[in-house]
Amino acid sequence: MKNTRLLKRTICIAMAAIMAVSIPACGKDKGDGTGKGGNKTTEEARDLIEEAKDTSTDGVFEAEDLMVTGFEGDISSLKATEDTIYFLTSEWIEDETATSGDSSEVTASDSSEETSGPVEGELIEGDEKGAPSGADESDVVDEVGPGGEAEDTSVDTADAEETESAENGPVSETGAITVDDYSAIGTSTNRVYKTSIDGGECELLAEMSSESGKELYFDKIVVTSSGDIKIMAEEYTDTDTTYYLYDIANGELTNEVNLNKKLSLNANTWINQIFFDNDGNLIVSTDTSINIYDKDYNSLSEVSSEEYIDACGLTRDGNIIISEYQWDEETETSNTVVKEYDVTKKEFTNEYDLAVSYIAYDGLVPGTDKYLFIYKTSSAVFGYNDATKESEKIIDFNKSDINSDYVSGMEMIGEDKMLTVYWDYMAEESSSTIQLYTKSENAIDKQVLTLATLYGSWDVKQKVINYNKSQDTYKINIVDYSEQDDPAGKLSADIAAGNLPDMFLVENGVGNMSTSQCIAKGLFEDLTPYFEADPDLSEDDFIENAFEALKDGDKLYLVASNAYIDTLIGKASEIGEEPGWTFQEMKDYVNSKPDDCRIFYSTSKSDTLSYFMYSLIFDFIDWDAGTCSFDSQDFKDVLEMCNRGTTEMDWENDEGNYTEMLKSGEMMFLQGSFSPSDISIYDQMYDGDIVYKGYPNSEGSGNYFTFGDGIAMSTTCTDKDGAWQFMREFLTEEGVGSSYINQWGFPIRKDVFEIFMENQTITEETTDKYGNKIYPIEGGMSYDGSTTFEMKPLTEEEVQTFRDYVASAAGRAEYDQSISDIVSEEAEAYFSGDKTVDEVADIIQNRVTTYINENK
Amino acid sequence: MSDKKSENLNELEMKDEPKAVSNEEPKVDPETELKEVKYKKKHYSVKDRLHEAAFLSPSFLGVLTFFVVPFFVVIYYANIDSIIQKNFVGIENFKNVLQNSSFQTAAKNTAVFSATAVPLAIVLSLIMALILEQNIPMKSQFRTFFLSPLMVPVASVVLIWQVLFDYHGMVNKIINVFGGGSIDWLKSAYAPIVIVILFLWKNLGYNMILFMAALSSIPRDVIEVSMLDGATPWRQFWSIKIRYLLPTILFVGIMSLINSFKVFREVYLLAGDYPYDSIYTLQHFMNNTFRSLDYQKLSAAAIIMFIVITVIVGILFFIEERAGRDLEGQ
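As given, the protein sequences belong to chains W and Y, one line each in that order.
Residue numbers 1 to 856, in my numbering, belong to the letters of the first sequence in order.
Residue numbers 1001 to 1330, in my numbering, belong to the letters of the second sequence in order.
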């Protein structure tokens, strides 16, 4: 009896204790990518890693160019009916004999939409708000850089003669020229063709030229319910956009309808979709409303949306649907909802929660028999099955080795076939084709390895596709988390569940962890043995300080083919010509300036502090010792420096022209990273009085490397040798040489770097030793619309400047969100005047110490 | 047969009733009673056992799935180096956790908090129960008033507390009126005081109700006899009430102890993942290590906490048992 009682008590104690222990891990629910009620999709339940490892034919399509002949120009959009394909082309023919100011001149905006591909060549990374910070409001008027990295992103094309002419023209005192000087001269021609659904010879339906008077941009084909074709064109001015709709008759555009007048659209309205429904009504979708008009353009219905409308289309049954991006502030997660509009009731009736983050503006089309509607994301095409109330993946772009960044438009021909416009930016001669995707019958018979990425990377994606096509042993499948409502949280959850990919694309760490944390937790395989055993690789092949930054102590956990360097740019006459300085030196300089002088473009104190975060992590934390020194005078100096300006940046009303501010001394620094082609621009901007000083740092070297395409191998990788075969492509001369021209930053292999630097000086179009077409730097760069800076091949002196800049860098930029959050949160009290700098520094020290100790 | 059985059962039920109800000794044949018991035990057939098992299985599976299995998973995690490599490291994680200064801070803070808040929760709620036991006006309203914090959602509680203890909050404004300087209540050494007050505000009402129930179950005759013997209220309290209240005190103690571990929820909402170190508790350590995928640290810390809680609860049970015997001896 006594034993029974004792047993009962023991069990009781144990149960109470277990209940208490069960309290652990009741962490903040940041979502794990599982969506939030409503019409659930299979997306939320799918296991991304397992799906990527699947070798069946599910979602695998084969791409082939549809043989279409007899057309001119690049295909910009298409529409397909049951038996016919209609497509629109555009062609730009430069007039090499014309001079600036010709009547046929097409301004930058006229053809800006022609370039929908990945944009390279951004000068300075923007801040989170996407607003100008440093030089990031740059507007590339024409940048034809070495390797053609920006050839398709340039708005206008300026040949060397024009540049010369511009130089001889109205050059400002600083050498800058006006934006009009870079307006390209030539003729823009658009054509409409039709061809059979199976391809073949096409028939020209109409030809439109910019010489015909109006400066129009033709971008949409509209097929009426009766099968007639209409073309929509846009006319831009500095402030207004006017839309026109045309019929086609006898090879010409007829019956011009000014949509702005007919539909009473505002001058700044942006039409993202225009089409006819099955009843012949015209549907016009803007970014915030859906407007329905009858055949005579009388308004039948108009409905506004509180959220931004991403895409608009019709269901299989002919009902109007829109997709909206939704962001949940509380859980910091996003998803996309498709809403069905009932024209009779004039309200949205059905909602479909798709648990994907984004649908492209042209990515919502009517479904086939099985699906109510079909939608396209950055990694797949899905069909919404209204019978099961679930989305089903139709095409998996990654498994099909199709770079979705090159795909635009979508026309379904049944459930197993799709037509798109495919623009291969990586091809030697960038060109567009109509591609036909058909379901593959062949299961994957290669060893499948997975590569996880949070936000996707079009160049890595292309590298994967090239690798998959180059050999028959391995197939790398990208596991794209970008469509999850909380990508980092979902990847972290997968790691926690032991559901690991074979490789990671390291984008400021992996999931919620920084690179250092990943290494410390044993997530990354030490690649040193693979590197040392590789006969084609040696440390001597790489730029020494860049390779050191890539390593972690003596071990190599990451491979990367290119890097860029974050820096601060200032006036050499004021801050010295040598890179690197201490916090005290910077503080003295900042204090020597009048109070109304900005440190950076943004006047916000918080923004200013955020630019110092890399330095903070480098200088004030010793991870090895597990200590930090946020109560040091150096850190207080940083806070005091940042405590000038305003609480919030008034982006809407701020009229600061930062080119002028830099020149007049009203702004101290530019911050960010830059490419060699930027050197001459910054030189002009600072009138030659320039130094790439770097961030303040106790060691005097505040320029840090960031690796754009860092790849790490998981310690649980199923085939480590196989993974290394892919990863070495990021290190070998052949691998780096074939891809460096399409990447931002510079190659870290010495031999390719030398070629890269050589490319910066060429004056004639050429081909490098890796077979890449290299174009001379030319054109202009505008930052604020009023002044354009000339871009030209680098001089020897400028080449040396860039080399010095690379040589001055040390260490890998690391960003730690938790530390950043603590510092920003506490600094607010100092900036608002509630607390002294000492109080704030002590609190930051206290809280960060806990964080560091926890992670020991 | 059936009649006989019900007769015997009635007799058994009669036995349990207080003697005062019946003046006659129930006449039960000890042999018959023994037989009846034996008969009842025999009645559990295999079929009955299966029925029992079928009814018990949902609860059993629930406990197994949500408590027992995770408990063993925690033990497994505590003995591997990381959830990725899964190498057995024995007690290494326990050593690391015990040497980790954040864990030490968290353990110290949690211990200090529990050692402060739990006795205060017991003493104050007992005092409140004793006051409300008296014939005071608005007794019922006070009882409801003290219970109301239980009905307020945690998020609202935190909002109220932020309004009160923010740097620009009401408490500082009052201090400023009297010429004092503002105090950063949640980011200074004062932070634990705020959390203790919050804990008491939230838990006193419930504890008070438990004590009021216990006070009302103290036999009136014992109190009356002591009054006749000339015992002062003070003497009555210490010699009679406290002894009868001891099991309740222990129960309230255990519940408050467990609740004190749960105060993390409020602290987290008030001060985030990494609060000022004086309110950094074991739950912060566990929550943060969970988020950073340090499951081995989390598990080792959880097991250490389990052992400590088991010892404390064991001690409390031991005290209760001793006190119970003492009470039975009365």
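Since the hints were made in silico from the structure, they are not lab data.
Hints are supplied without guarantee of correctness; some may be wrong.
Said to hold, decoys possible - BS3-like mimics (lysine-lysine), calculated; alpha carbons at most 30 Å apart, straight line:
(1) Lys551(W) <-> Lys593(W)
(2) Lys1173(Y) <-> Lys446(W)
(3) Lys1086(Y) <-> Lys555(W)
(4) Lys769(W) <-> Lys750(W)
(5) Lys636(W) <-> Lys1086(Y)
(6) Lys792(W) <-> Lys469(W)
Here the structure is a predicted model, which is why all the values come from computation and not from measurement.
Each hint tested on the structure:
The hinted pair formed by lysine 551(W) and lysine 593(W) fails the criterion: a straight-line CA distance of about 40 Å is larger than 30 Å. Our distance criterion of 30 Å between C-alpha atoms is broken by lysine 1173(Y) and lysine 446(W), whose separation comes to about 71 Å. As the CA atoms of lysine 1086(Y) and lysine 555(W) are separated by approximately 21 Å, the hinted pair is consistent with the 30 Å bound. A hinted pair counts as satisfied when its Cα atoms are at most 30 Å apart, and lysine 769(W) with lysine 750(W) qualifies at roughly 14 Å.
The hinted pair formed by lysine 636(W) and lysine 1086(Y) fails the criterion: a straight-line CA distance of about 43 Å is larger than 30 Å. At most 30 Å may separate the alpha-carbon atoms for a hinted pair to count; lysine 792(W) and lysine 469(W) exceed this at roughly 37 Å.
The structure fails to meet hints 1, 2, 5, 6 from the earlier list, while all remaining hints are met.
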